[in-house]
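Undergrad: Sequence:
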Amino acid sequence: MKISQFPVRKFTRAGILTSALMLSQANALAEQVTLDDAVQLTLNRHPSLLKFRPLTRALEGDRQQALLSPAYTVGANLENVMGTSSTSGVQAAEATISLSSVYELGGKKSARTLVVDARAALLDSEQYSMSLSLLGGLTQQYIRVLAQQERLQIAERSVSLAEDALTVITNRIKSGATNDAELFRAKSALNQAKLELATAKVNKEIALQSLTLFWQGNYEDITLTGSLNSPAKNYSYETLFNQFLSSSNADLLIKSLDLKDAEIQLAKSDNTADLSWSVGVRRNQGAQDTSLVFGASIPLFAEKRNSGAVKSAIASKEAELLERDTKYLDVKAILFKATKSINFSSQAALHLEKEVMPDLKRALELTKEGYQKGIYTYQEWFASRDALLQSQRSLINYREATLLNEALIEQWTGQSLKSFTFNLQD
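Each residue of the sequence shown is one higher than the last, beginning at 575 in my numbering.
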């Protein structure tokens, strides 16, 4: 593969961004940035991808050098001059002008080119895998921003409920139906809710800035809209690992081994010694004679002297094989954990939404009505309110965990992705 003709890869983003997340767009005061825009901006601006441009040019130079044949050398030699007796002056001088070079044997040029091409293929896979990794990180951070936005809404709801409780208690105190202790508890609960709201705002800004840094932007320029709603999932770990084996991440490991094979071939090419040759013209001034001269030389025992380099290259490949197997184990652990987490968190979110929260909402209504009538205590009303808010926070956590693990799975498997074009060429 020619370095100057790297294929334009079809980069992708997680399907959950359009289906599970149901993201419509990111609205800005000065500009509108859709999620596709954010992805494209990230791929075009993130330094970890920009570095592939100079690396590509460097490989172009390496390939140019690899294709060079050994240089020709012009030499001149002058003998029997400025001596004594018969060799005084230049009367008996012998001058030789020669042209010499090395004739490479053992397919060295081909082996050098093969190494550079293998490095080019590896760089191409690294570029693609890095892009998928960035997209995975972008997806996950987008999810975190949405989760923080929903936590902010719950914090606002908590303040609203606390204010409502304070109003109810104040009215009951005026009518002599309760005591000042409940008023102070209600004020304390309101102040605590306001503190949690302030914390939620800060966390949202931090998450949003972390997102915009993917394209070196500013969080103040955009606001995101979307939902964490996601249907229940049931993934198969075995299926996901098989998808990984056919993904670009696994291809990167294969390309690393291909490079080691090329390096072994290059090392073995030195088993055959190169032939050094020279041809020239010699002028004998004393005899007034001109003649041609030829020379050739070849090192002895080249294969034996090169055995260490071959041994080193083979051992390096064996280490790379073990590194690949280690990576397989790591990915298995990642996919297994993500699969189990998704299957649990998606079902847990569904259970909370369908079974738990309706009862808690009804309990809150009943305890509020009962408190106003003097049937329930403030503590019972507060406990019902706190239980509902906590279940809503748990629902966000489960939905966030589901989508984060989906993004992680798609990052490693490269499946369920929507294609768009991205070219790293200048």
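Hint data in this document are derived by calculation from the structure and do not stem from the laboratory.
Treat the hints loosely; a few may be bogus.
The calculated DSBU-like cross-link candidates involving lysine-lysine, where the alpha carbons are at most 35 Å apart (straight line), are [stated by the list, open to error]:
(1) 807 x 878
(2) 683 x 911
(3) 935 x 947
(4) 911 x 885
(5) 935 x 807
(6) 748 x 935
(7) 683 x 842
(8) 682 x 625
(9) 775 x 891
(10) 625 x 842
(11) 748 x 807
(12) 906 x 625
(13) 761 x 748
(14) 878 x 842
(15) 891 x 682
(16) 842 x 891
(17) 748 x 768
(18) 625 x 911
(19) 682 x 807
(20) 928 x 683
(21) 911 x 891
(22) 761 x 775
(23) 807 x 842
(24) 928 x 906
(25) 761 x 947
(26) 942 x 928
(27) 914 x 928
(28) 885 x 901
(29) 807 x 947
(30) 885 x 775
(31) 768 x 885
Undergrad: Please verify whether residue 748 and residue 807 have alpha carbons no more than 35 Å apart.
TA: violated (53 Å)
Undergrad: Against the 35 Å threshold, does the CA-CA distance of residue 878 and residue 842 hold or violate the hint?
TA: Holds - the C-alpha atoms of residue 842 and residue 878 are around 11 Å apart, at most 35 Å.
Undergrad: CA of residue 928 to CA of residue 683, is that 35 Å or under?
TA: Outside the cut-off at roughly 69 Å; violated.
Undergrad: Is the Cα-Cα distance between residue 775 and residue 891 35 Å or less?
TA: violated (52 Å)
Undergrad: Would you check the hint for residue 928 and residue 906, treating anything up to 35 Å between C-alpha atoms as holding?
TA: Distance ~33 Å between residue 928 and residue 906 Cα, so the pair holds.
Undergrad: Below or equal to 35 Å on CA atoms is what counts here, so check residue 625 against residue 911.
TA: holds (33 Å)
Undergrad: What's the verdict on residue 807 and residue 842, does the C-alpha distance respect the 35 Å limit or exceed it?
TA: violated (53 Å)
Undergrad: For a C-alpha distance cap of 35 Å, please report whether residue 683 and residue 842 respect it.
TA: Given that 35 Å is the threshold and the Cα spacing comes to 12 Å, the pair holds.
Undergrad: Taken at face value, is the distance from the CA of residue 885 to the CA of residue 911 at most 35 Å?
TA: violated (39 Å)
Undergrad: Does residue 842 lie within 35 Å of residue 625 when you go C-alpha to C-alpha?
TA: Measuring from Cα to Cα gives roughly 32 Å; hence the hint holds.
Undergrad: Does the alpha-carbon distance linking residue 807 and residue 947 stay inside the 35 Å limit?
TA: Distance of about 45 Å is beyond 35 Å: violated.
Undergrad: Between the alpha carbons of residue 842 and residue 891, is the straight-line distance 35 Å or under?
TA: holds (14 Å)
When each numbered hint is compared with the structure, violations occur for hints 1, 2, 4, 9, 11, 19, 20, 23, 29, 30 and 31.
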